[in-house]
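**Q** Given only the sequences and the hints, what does the whole structure look like? Please build it.
In order, the protein sequence lines correspond to chains P and D.
For the first sequence, numbering that gives the first Met the number 0 begins at 0 and goes up steadily by one.
For the second sequence, numbering that gives the first Met the number 0 begins at 0 and goes up steadily by one.
Everything labelled a hint here was simulated from the structure, so no lab data went into it.
Fair warning: there could be bad hints in the mix.
[To be verified] One-sided excerpt, in silico: chain P residues whose CB lies under 10 Å from chain D:
#1 T9
#2 I20
#3 I35
#4 I263
#5 S266
[As the list claims (entries may be wrong)] Within a straight-line C-alpha distance of at most 30 Å, the following computed DSS-like cross-link-like pairs (lysine-lysine) qualify:
#6 P:K268 / P:K84
#7 P:K201 / P:K224
#8 P:K84 / D:K40
#9 P:K204 / P:K89
#10 D:K99 / D:K12
#11 P:K13 / D:K12
#12 D:K88 / D:K99
#13 P:K188 / P:K204
#14 P:K15 / D:K18
#15 D:K12 / P:K259
#16 P:K117 / P:K260
#17 D:K40 / P:K117
#18 P:K89 / D:K12
#19 D:K11 / D:K88
#20 D:K88 / P:K224
#21 D:K11 / D:K148
#22 P:K201 / P:K188
#23 D:K11 / P:K15
#24 D:K18 / P:K13
#25 D:K40 / P:K89
#26 D:K11 / D:K99
#27 P:K224 / P:K250
#28 D:K18 / P:K268
#29 P:K260 / P:K250
#30 P:K201 / P:K89
#31 D:K11 / P:K13
#32 D:K88 / P:K15
#33 P:K268 / D:K40
#34 D:K12 / P:K15
#35 D:K148 / P:K13
Treat the numbers as computed from the prediction; the structure is a model and nothing was measured.
Note that the Cβ used here is the ideal one computed from N, Cα and C, for glycine as well.
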Amino acid sequence: MKIKPKSKTTQTSKIKVSLTILIVLFILAWIIASVISLFTEEQAFANVALIPINGVIMPDDSGDMFSSSSVSASWLVTQIDAANKDERIKAVIFQINSNGGAAVASEEVVLAINRLNKTSVALIRDVGASGAYWIAAATDTIFSSSISIVGSVGVLSSGLEFSGLLDDYNVTHNRLVAGEFKDMGSPLKEMTYQEERILQSKIDKIHEHFLNSVAELRSLNESVKEEISSAMIYIGSEGLELGLVDYIGTKIDVVNFLEKKLNISVSIKEYHQQESFFNALSKLTNQKSFSLEAASQNFALEQSPKVFT
Amino acid sequence: MDLNLPKARTVKKNAGFFKRLLALVLDLLILNFVIFSSFEKIFLKYIDTNLSTVELITYFQSAETSVLVTTIFFMALLSLFYFTLFELKIGQTLGMMILKIRVEGELSFWKCALRNIFVFPFFPFYILWIVDPIHLAIRGTRFTELITKTNTVEEIHI
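**A** Listed below in structure tokens is the structure:
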């Protein structure tokens, strides 16, 4: 009788055990991966992106701790470009609930939507005013409620001035500037008539650019353009008459519209911006105690009044 | 004729840092083939490979990540089984086998699992990615080896 050497037996046994473990793990991995794929197939094949635009539109996620909420233009542009590159996405819905925000930030989003080579729809909920309306105007179709707030195609650049307060408390502001208009709009000194005219002319130019862009994007006639140039707000039904809105409807109507237009069964993938601590906290308290406007050089496309029902 | 030569001596010592590292890399390559490849299609489904790193991070922040987290969990669980079963059954993983190092100590399923719990990329386990190498560099054993009273050794024949 031949007896195998012990070391050889151990080696064979090791190979057998190793192969068994590897085969079992491979089969388990394959089964688990198949089950996950099966359960997620529908979700993975979402064909419509929904990008929410809630709160003040800011260039970056720089909402101060006192503002109720903000949305970053950089984040929006990244999402729009990502949706544009994703071949599975056939359309993008912009769900808007915003009073507007910074002029440049709003325009960045408008330009990103112009680059989008997919069907785009804006769904204005409570408010889609000013910069937020500009964004809506850049989409192919605008839906809103009959009582949503739309329009407000204007620019504001208001700010507080503390020079009188400083005088009252006998505080001196030592003005040291090189260049006559360097501290134009500073809250620490009284604005001169000339400075006011200069700033007003800049605001007018931004307003003209904003108005022309909205009129072009919405193909508005001269009379409507004249009408909305006052930065008036309109409710959805008025907006429909003026051509600021295409349809009165809700999210269901938007889905039905897209299904008819693109001949697809809509499956929505919703994008979310990560909230800052203060935004989350602010939502918890759900109240805006006070807001301090930044220096007047920041031109804003924000509609302040809000209608609550 | 009896030469009366000295008997060969075998000295055991803690496996070196780079031998362990190389063994881990080899194991990861094997895992990539045996386990990770099955999950590849799920990742490809969810991640647009054309996205830049920044866009990818933003995507992970914005998209529905529960499926990806579940997938990563199962991949880590199977990897843990790989390390645990190999160490329990034959005292070494395939990577260790190639590098001729092995695990010593009273091995049980839970001890082997605890030794390799670092494969889970979730809190608090990923703290071990920092703690274990530092402990290994300073004390010559991993922190989890200290807890489980096990060791990874190599044999030197003199």
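**Q** All hints are to be evaluated individually against the structure, with a verdict given for each.
**A** Hint check results:
no., hint, in the structure
1, T9, "holds, 9 Å"
2, I20, "holds, 5 Å"
3, I35, "holds, 6 Å"
4, I263, "violated, 18 Å"
5, S266, "violated, 12 Å"
6, P:K268 / P:K84, "holds, 15 Å"
7, P:K201 / P:K224, "holds, 20 Å"
8, P:K84 / D:K40, "holds, 19 Å"
9, P:K204 / P:K89, "violated, 37 Å"
10, D:K99 / D:K12, "holds, 12 Å"
11, P:K13 / D:K12, "holds, 23 Å"
12, D:K88 / D:K99, "holds, 16 Å"
13, P:K188 / P:K204, "holds, 25 Å"
14, P:K15 / D:K18, "holds, 25 Å"
15, D:K12 / P:K259, "violated, 73 Å"
16, P:K117 / P:K260, "holds, 12 Å"
17, D:K40 / P:K117, "holds, 26 Å"
18, P:K89 / D:K12, "violated, 62 Å"
19, D:K11 / D:K88, "holds, 21 Å"
20, D:K88 / P:K224, "violated, 80 Å"
21, D:K11 / D:K148, "holds, 16 Å"
22, P:K201 / P:K188, "holds, 20 Å"
23, D:K11 / P:K15, "holds, 27 Å"
24, D:K18 / P:K13, "holds, 21 Å"
25, D:K40 / P:K89, "holds, 22 Å"
26, D:K11 / D:K99, "holds, 12 Å"
27, P:K224 / P:K250, "holds, 28 Å"
28, D:K18 / P:K268, "violated, 46 Å"
29, P:K260 / P:K250, "holds, 15 Å"
30, P:K201 / P:K89, "violated, 40 Å"
31, D:K11 / P:K13, "holds, 21 Å"
32, D:K88 / P:K15, "holds, 11 Å"
33, P:K268 / D:K40, "holds, 19 Å"
34, D:K12 / P:K15, "holds, 28 Å"
35, D:K148 / P:K13, "holds, 24 Å"
In this structure, the earlier hints numbered 4, 5, 9, 15, 18, 20, 28, 30 are contradicted, and the remaining ones agree with it.
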